[in-house]
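Q: Sequences listed follow chains A and B, in order. Quick note on our numbering: the first sequence kicks off at 1 and runs consecutively. Quick note on our numbering: the second sequence kicks off at 1 and runs consecutively.
Because the hints were derived from the structure by calculation, they are not lab data. Some hints here could point you the wrong way.
[Said to hold, decoys possible] List of simulated lysine-lysine pairs, DSSO-like, C-alpha gap at most 30 Å:
| no. | chain 1 | residue 1 | chain 2 | residue 2 |
| --- | --- | --- | --- | --- |
| 1 | A | 52 | B | 52 |
| 2 | B | 52 | B | 31 |
| 3 | A | 52 | A | 31 |
| 4 | B | 52 | A | 31 |
| 5 | B | 31 | A | 52 |
| 6 | B | 31 | A | 31 |
Everything numeric in this text was worked out from a predicted model, so none of it was measured.
Listed below are the residues making up each chain.
Protein chains: 2
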Amino acid sequence: MAQGQPDTRTRIESAATALFRRNGYSGTGLKRIATEAQAPFGSIYHFFPGGKQQLAEETIRTSGAAYGRMVLALLESVPDPVESVVHAFEAAADDLAATDYADACPIATVALEVAGTNEVLRIATADVFAGWISAGEEWFGRWVTDPDEARALAHSMIMILEGAFVLSRAARDPEPLLLAGRSMAALVRAAVGRAGEG
Amino acid sequence: MAQGQPDTRTRIESAATALFRRNGYSGTGLKRIATEAQAPFGSIYHFFPGGKQQLAEETIRTSGAAYGRMVLALLESVPDPVESVVHAFEAAADDLAATDYADACPIATVALEVAGTNEVLRIATADVFAGWISAGEEWFGRWVTDPDEARALAHSMIMILEGAFVLSRAARDPEPLLLAGRSMAALVRAAVGRAGEG
DNA sequence: GTCTATACATGGATAGAC
DNA sequence: GTCTATCCATGTATAGAC
Chain A
1 MAQGQPDTRT RIESAATALF RRNGYSGTGL KRIATEAQAP FGSIYHFFPG GKQQLAEETI
61 RTSGAAYGRM VLALLESVPD PVESVVHAFE AAADDLAATD YADACPIATV ALEVAGTNEV
121 LRIATADVFA GWISAGEEWF GRWVTDPDEA RALAHSMIMI LEGAFVLSRA ARDPEPLLLA
181 GRSMAALVRA AVGRAGEG
Chain B
1 MAQGQPDTRT RIESAATALF RRNGYSGTGL KRIATEAQAP FGSIYHFFPG GKQQLAEETI
61 RTSGAAYGRM VLALLESVPD PVESVVHAFE AAADDLAATD YADACPIATV ALEVAGTNEV
121 LRIATADVFA GWISAGEEWF GRWVTDPDEA RALAHSMIMI LEGAFVLSRA ARDPEPLLLA
181 GRSMAALVRA AVGRAGEG
């Protein structure tokens, strides 16, 4: 029955991903996860013997990787790198507004919460970000010859995106994300221009 | 005795500010705040009848405004705007490392946590960010004639700073903050250059 | 191996002694 | 008006019936 309801473990992980994304780690209770997953409470400990931390680590790594692939696919859907960046930020703005400012970065809230309190989860978020940076560096490397510059651009894109999510969610306004896209486009244009000249 | 211990209300607010900054809103208990403030638990409700939310709203508005003034003072300590931005991000990187990656933005963690769950606190964080943007717009306006461009630069600086805090705290590495400073400097240089030509 | 009931700690909040 | 003791809900985690 491939078309039936996902299995219990999958439903738990999906519910946890959504709740951690919206309400953070401390703000999400396991009872609420079980309820939203339509799963018995004990099933959480059956599938995730390590409890809340293990569940969170899995959601961070899985949803983080998936989000990175999604953004990369979005970038690759437009050939020109400058237009591509603008398009990606516009898409993020649309998604955010469409989900009532709930679905931004799946791990940023948790990353800030656990940075100083939970080393296992901090490392999980750091690994996800490192993966995004590598992927971005490779993508920018198609147009920018200097590896350091490609790596700096990847950092900048992720940082300005994360910061834009903070401002857009707080203000319930897509404007920060749109401005972020234009700033990022300016940085890409300058870097690609330098590479074209050199 | 002006040189004695601060009064109870002040100690509570200071402890709350530090704890919300490090551990977030859901991650900080009122009992812990009372303990760290060396204040009796009941004093929290004596001074903040609205409970945790009122205390958090005050800390967001007060510490947010203070942080904005601090960053602005840092920017004004260097005459050239491009060097100024680089210097400010370097100072932020130094502070972060010196506090074991604890003292980044005082309100970002809370802002992400409450964006979808507590409207009073969401508005408080949005007001703080709006104040920062106005101040930054005015500061950039000294060198950039187009108000829209000054406003976009202010947004970009705050966004890239917030995003850099996320990456630097997660990785326990000052590099993202330093790269953020250089990217921001490039944006400022380009904008000031355009204003100088026009 | 799916699910219910419960243990135990901690959360925010309040009452009332002093 | 300062402080202690306590209330009740919720938090994570576990035991054990089926």
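Q: Would you mind marking each hint as holding or not holding in the structure?
A: Structure-based check of each hint:
1. A:52 to B:52: This hinted pair holds, its Cα atoms lying about 25 Å apart.
2. B:52 to B:31: 11 Å, holds
3. A:52 to A:31: At roughly 11 Å apart (the allowed maximum being 30 Å), residue 31 of chain A and residue 52 of chain A satisfy the hint.
4. B:52 to A:31: 23 Å, holds
5. B:31 to A:52: 23 Å, holds
6. B:31 to A:31: 23 Å, holds
When held up to the earlier numbered hints, the structure conflicts with none and fits them all.
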